[in-house]
Structures are given as C-alpha cells and as structure tokens.
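Enquirer: So you can see what is in the structure, the chains are spelled out below.
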Amino acid sequence: MADNKKSSKKKQIQLKGIPAAPGIAIGKAHVFGTEDMIPQERKISESEVSGEIDRFKRALAETRKEVLAIERRISKEMGVEHGSIFRAHLLVLEDSVLVQEVISRLKKRKKNIETIFAEVLNKYISVLSSAKDEYLRDRVSDITDVGKRILRNLIGAEERSMEGLHDKSIIISYDLSPSDTAMMHKGRVIGFATDIGGRTSHTAIMAKSLEIPAVVGLESITDVVKNGDQVILDGTHGVVIVNPTKRFLDKYHKEKKKLENLEKELVELKTLPSETTDNKKVTVAGNIELPEDVASVISHGAEGIGLYRTEYFYMNRRDLPSEEEQFNAYKSVALRIKPHCVVIRTLDLGGDKFLSQLEVPREMNPFLGWRAIRFCLARPDIFKAQLRAILRASAFGNLKLMYPMISGVGELRQANMLLSEVKEDLRKEKVKFNKDIPVGAMIEVPSAAITSDVLAKEVDFFSIGTNDLIQYSLAVDRVNEKIAYLYEPTHPAVLNLIKQVIDNGHSENIPVALCGEMAGDISLTMILLGLGLDEFSTSPIAVPEIKKIVRSISYDQAKEIAEKALTFSTGKEVQDFARKRLLEIVPDIAIELSE
Amino acid sequence: MEIRKEIVVKNKTGLHARPAALFVQIANKYQSDITIIKDDQEVNGKSIMGILMLAAEKGSKVTIVANGEDAEHAVKELEEILLNDMEPEKF
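Respectively, the protein sequence lines represent chains A and B.
Its first residue numbered 1, the first sequence is counted upward by one per residue in the numbering used here.
Its first residue numbered 1001, the second sequence is counted upward by one per residue in the numbering used here.
This is chain B alone, in the form it adopts within the complex (with noise of 0.2 Å):
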C-alpha cells in the first residue's frame, strides 16, 4: 500500500532540530518505507541527515510518501509533526 499526502510545513523552525530528529524517531517506529520529497528533492525519512538536507522551511511544500503495511497510520503520525507549531523551548 502507497500512501503520499502533500502537506505545508507549519512548524516554526521548519523542519529541522527537534521536529527532525521527532520525525525520525517515529518515522523508525514503522514497517514502511518512508520517502519525502521537496521539489525535485527525494530523501529517506527515516535518515536524520537525510532530511536536514532537505533544508524544509517553514511555509515549504513537502510530500510525505509511505509503502507498507502500515503506511496509512505512519503517514497520519508523521504529518502531524509537520503541522505542529509548538516551540517549546520558549518555555
């Protein structure tokens, strides 16, 4: 099963520091293979490095794409990351 859903970063930092390192966390939990892609940009997401490099901004466009057996639950956890703007360090 393919599961691709296209989703606006939210997060106010982008989608590096803490939010990658969360998206990678969960993104190991899964059985899918986990792909995401921005612009003509395609990397592994479950590779910290991998999406560091994607540099997303806030604001940028990026397609989550899972293949698997669970690729619809993966796919729902791992957008939420993208959506999410907390900051918790301004505690």
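Looking at chain A on its own, in the form it has when it is part of the complex (with noise of 0.2 Å):
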C-alpha cells in the first residue's frame, strides 16, 4: 500500500528539445488535441451527388475566408514574412487537381464529401510524409492544416479552441499548425512545447516573434505529459521538466526572477540616452531588411537606423522593383523613425545573393567578384533608380544613403557622379528632394581600411561592414565551416583596421559606426566604445543590452580597455580579456554571456 501511495506522488521527467523561443516558463500543461476528425461515412443517392458538390464548394469558399483573414491579422501582428506561410496554404485550397480528384471520387464512390475529402486528403498526405526531403516533408503540415479547416467546415466541428486553458497555460501538442500558433494570445500561453519541428518551423519562427519561450523536437513530450501537469519549459536551453521536484523548481523560478529583472531593467533602458557616466554620448541604432522591422526597433529603444538592407526588393521576384515601390518603402521608414536617422545601404548584390532576374554568370569566387558597388556601377540603370527612389524619399525624413564595398577613392567618385546626375534630373523635373543628403562608404574591404584617410575627404560618414571586412582581411570564407574557427570578430589585424578607419575618420571630422554583427557582440562594446566609435548599430534586440553597459562606464575606463585590447597577439587573449572585463564592470549581464 505503501508502494502505490508513492506511485501516486507524480516522477519527474526531464526532457531535452530543441531551443526554439529563448525564455523561462513555469506553468500547468495544456495538452493539445491531437484528436483526428474522423468524418462519419454514409452512403448518397445520385441525386445527392450535386448538393455534396456545393457543400465542397461552399466549404472551400469558407476556407478561403478564413484563411484570407488570418493572414491579414498575422501580416499586421507579426509581419508579412509570417503571414505569407498562409499563402501557400491559399494555394492548396484554389488547387484544380485536388478539387477535380474529390469531385470525380464522389461521382464515383457515391459517399458523402467529408469521407471523400479525407480520403483523398489522407492520400496526398500519406505520400508526402514519406518523402526523402526535410523541405519537402515540412509542406505536409501546410496541408494538413487547411485540410483540417475544410473538414471542419464541411463536418461543422467547433474550431479548436483555447477554450478551457489554464491562466498561464503550457502548450503540449504534437505539432502546433500556423493557425493553431495564430489563435494563442500573449498572456493565457506562456510557452509551446512541441514532439516535432526544427528550429526554423513555423512553431518557432511565431514563438519568438510572440516573444513567448517554446521548445520543439522533443519527441515524446506528448506521451509523457497529461492535461494539468505542472511543467518547466526553459526555451534558452531547450529543456522541458515535467513534474519538476521542489529542488528544480526552487531553482527554476530563482533563474526565471533573474531574468525577468534583468529584462525590466533593459525597459527601462529604452528611454534613457545611451551615454557613459562620464557622458560621451553614443548612437545605438538598429539594422532592418523590411520596413516592418521599425516596429522593433522602435520597441528596443534604438535611436534610428543604421543600416537598412535594400536586397529584400529583389528577393522572390521575377521582374526588377519599380522606383515608386522602393520609393514608398523608403518613405515609410523614414517617417516612422522621424526625427531619427535612417542609413539606406544601396543594392548590396553578390557573393552569396544573386537573384536569377539579373541573369549574372557564375564566377569562380563570387566574395571577390561582381558585387555589391561593383554590380550597382555596371548597371547604372538598376542603380539609378534605386538613387531616384532614395532621393524623393529624402524630402519625407532623415535618410543617409550609403554605398557598400567601397574599395577604393574610383569608385566612390563613380558612385557621386551617378548621385549628382539623378540630383540634376530630379531638380529639373522639380522633384523635392534633401540635396545635402549624407553620403556614407561602408569600410568592409581592407584597401577601404587602409586609405580610409582618403576616402574620409569625400563621404560624410563611415560604417564599418565587420563581416565582410573579417572575411577579406583574415581571408576567411565566412560561410565555411572547416575554417570557422579563424573566423576572429578580435584577431588584432581586425581590431586594428577598425581603429585605424575611426581615427581616420575623426581627423576628418566625420562619424564613424559599425553595423556588423561584431556590433552587437556584448563583450566587445566596451573595446568598440574605446576605439571612439561614434554609433553601433545591431540587430535591435541587442540595442538594450548595449546601451547598458555603454551607460555603465565611463569613456576613460573604455579608452584604457581598448588600448589594452591592442596589445594582445592573438584574438583569444583579446576575448578572454573582454569578458572578464564586462564581468567585472556589469556582473549581471555577463552572466547571460557566460551560458
């Protein structure tokens, strides 16, 4: 008897996922339907074969609606980029084979559509599941998912619900559909915890941009788990606790405190300037691809724009961006991050990114071919309408435009020739437009780096492109894993670019940013402020962070870390030194880097 009391007492199971969402949730489970709707079968009569065929019409119709919807709210919540997913959901209900196959099976079968429809659904799915391809594999879920809503619009089921959930309830569900994902609101789900799916499916892709913590890929969670469970989903490490002891609990909910202060204060960081406490002020900007990402930036308590990546307009598209498309875009930001600034990066084409439309022949070593400023100057017609565009925009707001891949004195001079033409065209077409606007080169190449003293006469601003200029002087390919190890943001030859271009630039009198990922490296804001860098710009959920620690030094402390930093021999000994530089300075943030 003894025995079965302690069976009673719930075991901890502790499970491990893949991290999909970042956070710490403690709550009671919401186990999920998984539950089939299994359509009752019933034989049809000839005559009932043409009203089963509209009830299919008007459950597809239904559909759309519905599908049509969702898409415009998530479009609006979360982006475009999410709400395309139903796109292509869209595209499986309008698709003429399906349709075609289901009508002539109920001609055949005589039974009613919802036992017609599934079989054939049931078909399609069967096949694809099996197929070889993850990618491949990945669609059955877009299927599978507006095949439920059809069947549930024919069958007349209830939409799955959140009916029913706890206050700060944990998803358990095998796999969570777009629409599924799409009906949780912030407060009632406070984390998603799934058997299937990889750190870039859908589950994941919406659970960080609900900022909500999710784990996926655990397998078995749903076996393992029953409905009022009390579980501990840690999306930072993707681990999921279920049933937890009073030990990890304890520890748990301790980690959770920490965290949430740390996040508070970061909120609290977004109105104050970032300045140090001897009051040398810095920009921290954000980098956007679409104009929907000054939301977050705004959010983050970025002080503009540093970089605003213009590719995305070429991207999955089979006919070149119009100047009046780019020209709204461009508006757009520029009057929602007013009185900020925004830094519009030309076309910045090449390498890695070329889009068929532009039809450019293979190269043998494409990071050192025809890209970027270099594509841009072969085609002056693409490039001049992006200039048009920028300019017209300019009259609406603080835009700087700025050429990427400079290497040399030529080319930037090339490049203003093009700019002063389009000024001359605009002006005679009496076009508004800012005829000062800020013109800037991107450092990213080493002989940018090194004549920066010239090119400093000619620009208005510099932005040091880390990746690239990585890349080249270290000569390592960054998308190579075998060598990823030399891949060194603190290799002193980098290091010492990096000051040399913000000297050179200062003699100058002009600012000088960083926009590359090495900005929003934590452990090395502190060396990056040293140097006299005039303004970071970073992924904006960096920006808090940056501003935290930019705010709790003082430029001389700085100066002294970056002067030291230069007299290391190798890019281990300049980490090593950072982090515990920061650890010292802002304990608490550095714990978050020590995970």
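Don't read these hints as lab results, they were simulated from the structure.
Mixed in with the good hints, there may be bad ones.
What the hints assert, rightly or not - In silico SDA-like pairs for lysine to any residue, Cα to Cα no more than 25 Å straight-line: (1) B:K1038 with A:V360; (2) B:K1005 with A:P361; (3) A:K148 with B:K1005; (4) A:K123 with B:K1005; (5) B:K1029 with A:V99; (6) B:K1010 with A:V360; (7) A:K111 with A:S45; (8) A:K123 with B:D1039; (9) B:K1029 with A:R87; (10) B:K1010 with A:K111.
Remember, predicted model here, so these are calculated numbers, not experimental data.
Both chains are given apart, each in its own frame, so use the hints to dock them into the complex.
Expert: In structure tokens, the structure reads:
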C-alpha cells in the first residue's frame, strides 16, 4: 500500500529538445487536442451528388475566407513574412487537381463528401510524409492544416479553441499548425512544447515573434505529459521538465526572476540616452531588412536605423522593383523613424546572393567578384532607379545613403557622379529632395580601411561592415565551416583596421559607425566604445544591452580597455580579456553571456 | 501546338516549396495545358499538389509538356524556374 501511495506522486521527467524561443515558463500543461476529425461515412444517392458538390464548394469558400482573415491579422501583427505562410494554404485551396479528384471520386463512390475529402487528403499526406526531403515533409503540415480546416467546415465541428485553457498554460502538442499558433495570444499561453519541428519551423518562428519561450523536436512530450501536469519549460536551453521536484522548481523560479529583473531593467533603459558615466554620447541604432522591422527598432529603444538593407526588394520575384515601390518603402521608414536617421544601403547583391532576374554568370570567386557597388556601377539603370527613390524619399525624413563594398576612391567618385546626375534630373523635374543628403561609404574591404584617410575627405560618414572586413582581412570564407575557427572578430589585424578607420574618420571630422555582427557582440562593446566608435548598429534585440554597458562605464575606462586590447597578440587573448572586464564592470549582463 | 522539353532540375531544393508555388502561379497564367512528366509519373503543372507529389529533387530529369497556343512561351518561362538555383531564404 505504501508503494501505491508513492506511485501516485508523480515522477519528475526531463526531456531535451531543440531550443526554439528563449526564456523560462513555469505553468500547467494544456495538452492540445491531437484528435483527428473522423468523418461519419454515409452512402449517398445519385440525386444527392450535386448537393454534396455544392457543400464542398461552400466549405472551400468558407475556408478561403478564414485563411485570408488569418493572413491579414498575422501580417499586421507579426509582419508580412509570417502572413505569407498562409498564402501557401490558399494555393492548396485553389488547386484544381485536388478539387477535381474529390469531385470525380464523389461521383464514382457515392459517399458523403466528408468521407471522400478525407480519403483524398490522407492520400496526399501519406505520400508526402514519406518523402526523403525534409523541406517537402514540412509542406505536409501546410496541407494538413488547410485540409483540416476544410474538413471542419464540412463537418461543422468547432474550431480547436483555446477554451478551457488555464491562465498561464504551457501548450503541449504533437505539432502546432500556423493557424493554431496564430490563435494563441500572449498572456494566457506562456510556452509551447512540441514533439516535432526544428529551429526554423513555423512554431519556432512564431514563438520568437510572440516572445513566448518554446521548445520543439521533443519527440515524445505528448506521451509523457497529461493535462494539468506542472511543467517547467526552458526555451533558452531546450529543456522541458515535467512534474519537477521542489528543488528544480526553486532553482527555475530563481532563474526566471533573474531573467525578469534583467528584462525589466532593459525596458527601463529604452528611454534613457546611451552615454557613458562621464557623458560621452554614442548612438545605438538598429539594423533592418523590411519596413516592418521598424516596429522592433522603436520598441527596443534604438535611436534610428544604422543599416537598412535593400536586397529584399529584389528577392522572390521575377521582375526588378520599380522606383515607385522603393520610394514608398523608404518614405514610410523615414516617416516612422523621425526624428532619428535612417541609413539606406544601396543594393548589395553578389557573393552568395545573386538573383535570377539579373542573369549573372557564375563566378569562380563570387565574394571577390562582381558584387555590391561594382555591380551597381556596371548597371546604372538599376542603381539610378534606387538613387532616385532614396532622394525622393529624403524629402520626408532624415535619410542618409551609403555605398556597400567601396574598395577605393575611384569607385566612390563614380558612384557620386551618378548620384549628382540623378540629383540634376530631379531638379529639372522640380521634384523635392534633400540636396545635402549625407553620403557614406561602407568600409568592409581592407583596401578601403587602409586608405580611409583619403576616403574620409570625400564622404560624410563611414560605417564599418565587419562581416566582410573580417572575411577579407583574414582570408576566411565566412560560410566555410571547416575554417570557422579562423573567423575572429578580435583578431589583432581586425582591431587595428577598425582603429585606423575610426581615427582617419575623426581626423576629417566625420562620424564612424559599425553595423556588422560585431556591433551586437556585447563582450566587445567596451573595446569599440574605447576605440572611439560613434555609432553601434545592430539587431534591435541587442540594443538595450549595449546601452546598459555604455551607461555602466566611463569613456576613460573604455579607452583604457581598448588600449590594452590592442596590445595582445592573439584574438583569443582579446576575447578572454574582454569577457573578464565585462564580468567585472557589468556583472548581471555577463551572467547571461557565460551561458 | 505541343511543345515538349526535357530538363534537369537545378534548384537547390528541387521542385518543391517556393519553386513549386512559383511554377504553379506561372503555369496558371497560360492558356495551354501544362503537364510535367517524371519517370512514369505524369502530373498537371497547374496544380501545387500534383507538383509536390512528383518529389522532383535537384538533379532529377523532368519533361515539361505544354499544349495550346501559347505553349512555346509557357515552356520557356517555366523552364527558367527549374533551371534557376536561387536560394532567397539564405539572405
């Protein structure tokens, strides 16, 4: 009997999955129905056939309406790229083969439409699920998702709802379809855990956008957890603990508190300026790719946009973007970020990102080849359309423009010549624009860094693009995993080049920004600050932390740290030194760093 | 008019997901009937389901058949999608 009593006390189970969205959630499990809708089979007579077809068409139309509504809502709340998931659903709905197959089977087999539709759907799902290719298997979830929606509209079952959800539920499910995830609002759902899925699955992407911790790919979580079980979900490390012991619970409550405190502090930082304790002010800006990203820049308290990548316009399409389309995007970004600045980088195609519509021949060394400003100068038709769009938008806010991958003053002059031609055209057309729009060069080629004294005389600002600068100065292909260990932002050669660019910029009284990954590496913030950097531009999420570091240190202290960093002979020594100093000066941020 | 063209798929991810969706959208612009044949399987080129079922991976041989007045144009444009190896998600 004692045994019996013991077994009623639930045993702690710990599962390891794939971390999909960071953070800790502690709450009650809500096992989300995996029950399939199984239609009741029924024979039908010849005269019922046309009625069943009508029912099918109505269900399709109804589903279409639902999918469009979700797409609109998600695009608005989470950005267009999330909404586009649902566009694939529409294609399935409109598929003539699927519809024809259902109708002809219905006529032949004379069974109710639910039964027929489920049969056809299952046939597709089973073939696709056995596909070798992972990408293809991922499409199964799209088809299942929309297929179930159609079935539900046929059967008239209730939508899988969030009714009966406890407050602070952790959703446990085999898989979550995009439309499931879309229904979950922040507040009641505090975490997701699923059996399947990867880091880039829809669930993971959505969870990250909703800022809800998630762990995916747990394989057997739905077998282990019962409704109402207590669950700890650690989305940072990909761990789920079911029915935790008191010891674990205490540990995670403490950990969670710590994270929350840090977050709260970072939120407070949003409105505070990024200046050192001795009042040296720097700018902490955000990098964006889409106009939609502006929201994140603002919500993380970034002071402007230090890098607006414009390649997006050229992706996923078969024609070139028009001047008008670009103008509208630049204008909307300029208006929303006002009074702060936006640095628009002109088209930076090439290397690993060439697009079909441009018909660029394959090259032996694409990263050393026809790319970025080199490409733009060779295609003034494309380049001038973009310059026109930027100039026109400059009448509506504080725009700056920046050329990528300048390797010497010749290219800069050529680009500026085209720019003045465009300005002249606009003047003739009596179109408004900022005639003094600041023009900058992106310093990402060693030759540009070394001749930055010359370049500085001909531009209004520099922005150091460290991803390429590191790749070129260390001769390390940044997508080659075999030599990834050589890719070192703290390599003394890189630090010296950065210093040189900053010093040369300052000698000509122009500000120097840094907009590569390195700007977001918080262990290097103090060194970069000490080298005299004027602006950090990074992924918006890193903005509050960088501000916090800037505000924790004096400029004199930072300069000392930078000077010391320059004396080391290896990147590893610099890295260790930087982490150690950060740990001393801003201990609570460094805790996160050490994990 | 019937135009047939045999093609080796070059897309990195084969003929699914985005390229398949693109293929269907383009195919639907044309009046011609469009069929894709791989091995002994034949599917309607205007159907996303059909194309996904082909599971044509990179390097597989497929034949595009277009039948109708605008067949020539259709095959030309559709061929490009299969030969194109852009991978826009990696930006």
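Enquirer: Hint by hint, say whether it matches the structure.
Expert: Going down the list of hints, with the structure as the test:
1. B:K1038 with A:V360: Violated. B:K1038 to A:V360 sits at ~29 Å, over the 25 Å cutoff.
2. B:K1005 with A:P361: 23 Å, holds
3. A:K148 with B:K1005: The given pair, whose Cα atoms are some 37 Å apart, is violated under the 25 Å limit.
4. A:K123 with B:K1005: This hinted pair is violated, its Cα atoms lying about 29 Å apart.
5. B:K1029 with A:V99: 19 Å, holds
6. B:K1010 with A:V360: With Cα atoms ~16 Å apart, B:K1010 and A:V360 stay inside 25 Å; holds.
7. A:K111 with A:S45: 8 Å, holds
8. A:K123 with B:D1039: 20 Å, holds
9. B:K1029 with A:R87: 18 Å, holds
10. B:K1010 with A:K111: Violated - the C-alpha atoms of A:K111 and B:K1010 are around 43 Å apart, more than 25 Å.
Violated hints, in rising order: 1, 3, 4 and 10; the structure is consistent with all others.
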